[in-house]
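Protein chains: 2
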Amino acid sequence: MANDKKMVEQITAMDVDFAQWYTDVVKKAELVDYSGVKGCMIIRPYGYAIWENIQHDLDARFKRLGHENVYMPMFIPESLLQKEKDHVEGFAPECAIVTIGGQNKLAERLVVRPTSETLFCDHYKNIIHSYRDLPKLYNQWCNVVRWEKTTRPFLRTSEFLWQEGHTMHENEADAREETLKMLKCYEDFYRETLAIPAVTGRKTEKEKFAGAMETYTIEPMMHNGVALQGGTSHYFGDGFTRAFDITYTDRENKIQYPHQTSWGVSTRMIGAIIMTHGDYNGLILPPKVAPIQVAIIPVAQHKEGVLEKAGEIKSILEAKFRVKLDDSDNSTGWKYSQYEMKGVPVRLEIGPRDIENNSCVLVSRVSRQKTVVSLDNIAEEVEKMLQSVHDELYARAEKNLEEKMSIAHDYDEFLDIAQNRPGFIKAMWCGDSECEDKLKDVTGGVKSRCIPFVEEHISDKCVCCGKPAAHMVVWGRQY
Amino acid sequence: MANDKKMVEQITAMDVDFAQWYTDVVKKAELVDYSGVKGCMIIRPYGYAIWENIQHDLDARFKRLGHENVYMPMFIPESLLQKEKDHVEGFAPECAIVTIGGQNKLAERLVVRPTSETLFCDHYKNIIHSYRDLPKLYNQWCNVVRWEKTTRPFLRTSEFLWQEGHTMHENEADAREETLKMLKCYEDFYRETLAIPAVTGRKTEKEKFAGAMETYTIEPMMHNGVALQGGTSHYFGDGFTRAFDITYTDRENKIQYPHQTSWGVSTRMIGAIIMTHGDYNGLILPPKVAPIQVAIIPVAQHKEGVLEKAGEIKSILEAKFRVKLDDSDNSTGWKYSQYEMKGVPVRLEIGPRDIENNSCVLVSRVSRQKTVVSLDNIAEEVEKMLQSVHDELYARAEKNLEEKMSIAHDYDEFLDIAQNRPGFIKAMWCGDSECEDKLKDVTGGVKSRCIPFVEEHISDKCVCCGKPAAHMVVWGRQY
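Chains P and H supply the protein sequences, listed in that same order.
Counting with my numbering, you get residues 1 to 479 for the letters of the first sequence.
Counting with my numbering, you get residues 1 to 479 for the letters of the second sequence.
This is chain P alone, in the form it adopts within the complex (with noise of 0.2 Å):
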């Protein structure tokens, strides 16, 4: 318990100082480090095995969706980027530029992609003819590039990995539907794999997508009170596709402009994870992701036969489970800190009196609740706790949000609200973004974090100007 104690106050406690309980849990877990490069980080193998995961089973779904994977260039020459006027606007303040190639000064200048956007209209253009070619589904895993001024690990960095897909349609129906289907996609994917709820909705005209029609993006609730942009999906219409000239022949053998979405999920979701998940004693990952999912911890391993017991159940847990046995020389109290701070889902602690009994110990890293089980059906006891760590995680993470759900009825209760209840605060709102602008200064950086599918009524006016309200909002401070 020494050894215990001593890990853990490695961690600054999350409520003493909450961006320095992250960091620590960033650095001692071992996900990232930072590198010579500014706003750029290394991501380790544990913190990259998550990622990992992470795109194998959201590229599974993808591709249950009928979507195919390509690749294009990391360089979008600068003439193309600014073929669409707000989108280039929204991006030319932070992109990094490649003006020398071959020791020459380039004759045009090539911006690293923030986005690719441009990069498959103009693709698009050469492959796309008639409404025989359409849909098209595509979409790439890459690294981007936005030039940040503050920078954190996974939440903010001007490198970071990520998916866009890019999709055509012959119409405007078929594009919403899409766009629509991959933010459900992103739903299904944070509950189900990550067990994190969150809300989701329709972006304001102010907080859209540079050159989009709509944008509809997905928010968890940190524990801290803070909102999370947990992913986007953009309907573009046909803004870019007659900018770009891409038409094709309808059935009825007229020209049109197809319609068009994208849509996106990042590294920034690993931020998600420790933020929603994580406690006093580091990282909880959920088990679908987690690196480790069991960590079979010997108790008094130099005692005959400890080892060759661990090393057997190993043996059957890992044709189902991504499992560690930890027979190295540390304290066994070392190593179960050590890997509660990992975040590791179910700790199997094996020791001379268990083999005696033919058991063995499971502990939850969320409950921290200690179960004998038997080791005749060792491999479903596994199962068992795991599915419950990932349904706890859950449970407690709807009970964040919920708690952090505040409703503001008019702007004094608004303002309150913003100061002193850190989370959502549902209001309604005119729909003109100067009350948006207004309501980020008064408060100091809350804004509109969507407008929900099923919006409440809860009174006639904006809670910022008193004229008649058009939507519920959703508002929200955010990494």
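Treat each hint with caution, since some may be false.
Identical copies carry no separate label here, and so any pair may be met within one copy or between two of them.
Claimed, not checked - Listed below are the simulated SDA-like cross-link pairs for lysine to any residue, each with C-alpha atoms no more than 20 Å apart in a straight line:
| # | residue 1 | residue 2 |
| --- | --- | --- |
| 1 | K399 | D327 |
| 2 | K38 | P197 |
| 3 | K63 | E52 |
| 4 | K63 | N53 |
| 5 | K27 | E68 |
| 6 | K149 | R64 |
| 7 | K83 | G36 |
| 8 | K320 | A60 |
| 9 | K370 | E52 |
| 10 | K105 | E78 |
| 11 | K149 | I100 |
| 12 | K83 | G431 |
| 13 | K38 | E78 |
| 14 | K438 | A92 |
| 15 | K83 | D245 |
| 16 | K384 | N358 |
| 17 | K28 | I128 |
| 18 | K38 | N126 |
| 19 | K149 | G36 |
| 20 | K320 | D354 |
| 21 | K63 | F321 |
| 22 | K27 | I292 |
| 23 | K38 | E108 |
Worth flagging that the hints you see were computed from the coordinates, not collected in a lab.
Since chain P is already given, all that's left is putting chain H on it; use the hints.
Just chain H now, kept in the frame of chain P:
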């Protein structure tokens, strides 16, 4: 057959213009499209699916050997790249450089990674302290940029995708073992997965990687007698670790520099597949990486029961194989040549007559022979034919490699072979790089490929200068 002919006519004949045949195949089989960015390619779904299959197979091999994946920044501060003298000299001429970020001129220019030895070293300095931290066996899958003047899809592009392994070891012996182990890993992968035989060996001083003590290479032979550097594995000694001041405390409590390796293969391998296996009818894909392993073509598909039976067969096969059932309204002739061009290893034809006989027809893409097989054990039959396609591809490629291996006993014979017999040339060499330069000049491009692990004794003298021979070298033109 009219359709069949038309399709094949779209592809230039290999012996008329091999380079044009290659370009036709990559375009018509929809592997790539050219992008508006000079020297960068768009990898289309069919091409990218090959890369995904390659990644999946290789990644599992790396992990079985104990390697872990990480992700390093894509930018290298210029001062970091300059820390190892030979390394920066080798790469400086072909770098793309970011000079502007977020609309401001950068204080230090950033090089888009051409390779990541320097970034890995910078990180290893932080995390290696004791012999207990060794070995470190890291790998990353990423994009890299090397500014190229003349480019060709897959073979030479300014941006390409690859994996780069970077490992650190306690001593020279361990690092050298890793270097050779990974070369062997690549050799096994080429043989077992890509069905490609190759010459392997050590690069001469002149052809070594910038900064390496030793570079090993795998060199498959293309159909036209030109070699392709298909992968390299480098031993660095402690050159970088001294330059980066990476030290560890050894088992005797002494401060030591670790020894380093790196190794990589890239999307070039797709070029190797095309030029090793392709034929007059287009692409031929080795079954293990083919995005479609079996194309099911219904014959007289309007007749009752045909599409149903084709669907049944698909359900059975797709449990084990990557299957495409083409029930489009294109003619069967068009479909036959389409999937031949795309290199699908096995075609399955099913029509009313076959159904009556409870059989179907399997056609091998390599031999183009038709085999009537019973539907009762269709999965086994397909498995057998896929295996035979792999074996035939390997045997054919091996025959090509043997036929294109010549021996030159003296200077005149060397020039004669270089002029008249495309392929490898085995010849003795004194060890002086001036002779390499001279042979390259007089032949218009024949270079030393490698010093194989087993050297034959062809003569006592260097084929170029006549001085005593130090090694037998395999020479050849290269992509």
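Original post:
From the Cα coordinates, with 20 Å as the cut-off, is the pair K28 and I128 best called within, between, both, or neither?
Top reply: between (50 Å within a copy, 15 Å between copies)
Original post:
How do K63 and N53 come out at 20 Å by Cα distance, when the copy is not named: within, between, both, or neither?
Top reply: both (16 Å within a copy, 15 Å between copies)
Original post:
Is it within, between, both, or neither for K370 and E52, if the alpha carbons may be no more than 20 Å apart?
Top reply: neither (30 Å within a copy, 42 Å between copies)
Original post:
When no copy is specified for K38 and E108, does a C-alpha distance of 20 Å or less occur within a copy, between copies, both, or neither?
Top reply: between (25 Å within a copy, 10 Å between copies)
Subject >> Status of N358 relative to K384 across identical chains (alpha carbons, at most 20 Å) >> reply: within (19 Å within a copy, 46 Å between copies)
Original post:
Checking K149 and I100: alpha-carbon separation at most 20 Å within a copy, between copies, both or neither?
Top reply: between (24 Å within a copy, 14 Å between copies)
Original post:
How do K38 and E78 come out at 20 Å by Cα distance, when the copy is not named: within, between, both, or neither?
Top reply: Intra 23 Å, inter 13 Å, cutoff 20 Å: inter-copy only.
**OP:** At 20 Å max between alpha carbons, let me know whether K105 reaches E78 within a copy, between copies, both or neither.
**Re:** Both ways: K105 and E78 sit 14 Å apart in one copy and 17 Å across, limit 20 Å.
Original post:
For K63 vs F321, is the C-alpha pair at or below 20 Å within one copy, between two copies, both, or neither?
Top reply: Answer is between; shortest inter-copy Cα gap is 16 Å, intra-copy 24 Å.
Original post:
Taking 20 Å as the upper bound on the Cα-Cα distance, should K27 and I292 be classified as within, between, both, or neither?
Top reply: within (18 Å within a copy, 43 Å between copies)
Original post:
Checking K320 and A60: alpha-carbon separation at most 20 Å within a copy, between copies, both or neither?
Top reply: both (19 Å within a copy, 17 Å between copies)
**OP:** Could you figure out if K63 and E52 sit no more than 20 Å apart (CA to CA) within one copy, between two copies, both or neither?
**Re:** Answer is both: 16 Å inside a copy and 13 Å across each meet the 20 Å cutoff.
Of the hints listed earlier, those the structure fails to meet are numbers 1, 2, 6, 9, 12, 14 and 20, in rising order.
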